[in-house]
Structure formats: structure tokens, C-alpha cells
Amino acid sequence: MTLDRIAQLIADETAEAPVPGELAISTTERRALKAEAHSLNPVVTIADNGLSETVLKEISHSLDRHGLIKIRVVSDERDTREAYLAEICRTLNAAAIQHIGKLLVVWRPKVEVKVDKSGKATGRRKAPRQLKRSFQNN
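Using full-length UniProt numbering, the first residue of the sequence shown is number 1, and each one after it goes up by one.
Treat the hints as calculated values from the structure; they're not laboratory data.
Please note that the accuracy of each hint is not assured.
[Said to hold, decoys possible] Straight-line distance between alpha carbons at most 20 angstroms, and here's what the computed EDC-like set of lysine to aspartate or glutamate pairs gives:
1) 102 <-> 82
2) 102 <-> 87
3) 102 <-> 79
[Unchecked claim] Quick list of the computed label-pair ranges, beta carbon to beta carbon:
4) 111 <-> 80: 25 to 31 angstroms
5) 111 <-> 32: 18 to 24 angstroms
6) 26 <-> 48: 32 to 38 angstroms
7) 79 <-> 110: 27 to 33 angstroms
8) 76 <-> 54: 35 to 41 angstroms
9) 50 <-> 28: 32 to 38 angstroms
10) 38 <-> 61: 20 to 26 angstroms
11) 52 <-> 24: 24 to 30 angstroms
12) 26 <-> 86: 16 to 22 angstroms
13) 87 <-> 40: 19 to 25 angstroms
Just so it is clear, the structure is predicted and the values come from calculations on it, not from any experiment.
Beta carbons are placed, not taken as given, at the ideal position from N, Cα and C, and that holds for glycine.
Let's have the full structure, built from the sequences with the hints guiding it.
Next comes the structure, spelled out in C-alpha cells:
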């Protein structure tokens with residue numbers, strides 16, 4: 001193995017220099033996240049109106065809930081899609097994982113779920129109501 005190849009392997013394992021405001025992740029983490037994102041469906045669509053505040057809010061909410069998301073961009077211009085990706089990562093402090101075609105893959109660590117004081121999970125359904133018929137068969 002030559003010294004150039006060794007230097008290249010070391011450089012591949014270190015985190016890439018991110019754009020200011022973007023998360024820094026290593027190439028091995030990026031590779032694992034790409035593999036995980038393969039089976040995901042897009043959760044947000046950026047249409048003709050572009051990247052508005054409401055779209056950014058929805059992307060932020062999806063990142064908080066899922067961590068890794070796909071975003072579909074309707075625009076045919078590659079430069080526009082790259083600008084959207086850079087703006088999303090800079091504004092929301094996220095990492096750009098992949099840009100392939102009209103799909104953008106973005107990652108940000110999930111926000112911890114808060115548990116109420118009683119320790120019970122919130123939002124659970126109650127047990128189903130027992131009907132008179134279920135008592136009669138005993």
C-alpha cells in the first residue's frame with residue numbers, strides 16, 4: 001500500500017469539513033445512514049412555492065420525530081435543489097446525507113421524548129370497553 005493510499009483512507013474516515021451551521025459526520029456514518037435511508041419514503045415535498053417557513057417548520061418537525069428523512073423536490077433545476085439542501089442544513093443544523101435525483105436525504109439526531117411525572121407513556125389508548133355480552137358468557 002502506498003503512502004498516498006494510506007493518507008486517502010485516513011482522510012476518508014475523518015469528518016468532512018461541513019458548511020457553517022451543518023453537522024459534521026464521518027464518511028462511515030454517512031454510508032450507514034445512506035443504507036438506512038434506502039427503504040424510506042419521502043415525508044416532505046417542496047413544490048413550486050419553494051422553501052418557505054412552513055416547509056422548513058415541517059422538515060424540522062419530521063427531523064425531530066424521525067431523525068433521518070427523505071425530501072422530494074419538484075424542481076427540475078439541479079442548482080435549485082442543491083441550494084435547498086444547503087439552506088435546510090444551514091438553517092436546521094442538519095447533515096446532508098445524499099442528493100440523488102429529486103430526492104434529498106437529511107439527518108439530525110432525534111430529540112428525546114419527554115415522559116410525564118407519573119412515568120406513564122402519554123398518548124396511550126385506554127383498554128377497550130367490556131360489553132355486556134362478554135360478561136354473560138362466563
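Against the structure, the hints come out as follows:
1. 102 <-> 82: holds (10 angstroms)
2. 102 <-> 87: Answer holds: residue 102 to residue 87 is near 16 angstroms, not above 20 angstroms.
3. 102 <-> 79: holds (11 angstroms)
4. 111 <-> 80: 25 to 31 angstroms: Roughly 29 angstroms apart at Cβ, these two residues keep to the hinted range, so it holds.
5. 111 <-> 32: 18 to 24 angstroms: holds (21 angstroms)
6. 26 <-> 48: 32 to 38 angstroms: holds (36 angstroms)
7. 79 <-> 110: 27 to 33 angstroms: Given range 27 to 33 angstroms: holds, Cβ gap about 31 angstroms.
8. 76 <-> 54: 35 to 41 angstroms: violated (23 angstroms)
9. 50 <-> 28: 32 to 38 angstroms: For residue 28 against residue 50, whose Cβ atoms are near 34 angstroms apart, the range 32 to 38 angstroms holds.
10. 38 <-> 61: 20 to 26 angstroms: Roughly 23 angstroms apart at Cβ, these two residues keep to the hinted range, so it holds.
11. 52 <-> 24: 24 to 30 angstroms: 28 angstroms Cβ-Cβ, so the 24 to 30 angstroms window holds.
12. 26 <-> 86: 16 to 22 angstroms: With a Cβ separation near 20 angstroms, residue 26 and residue 86 satisfy 16 to 22 angstroms, so the hint holds.
13. 87 <-> 40: 19 to 25 angstroms: Distance hint for residue 87, residue 40 holds at roughly 21 angstroms.
Going down the numbered hints, you'll see the structure goes against just number 8.
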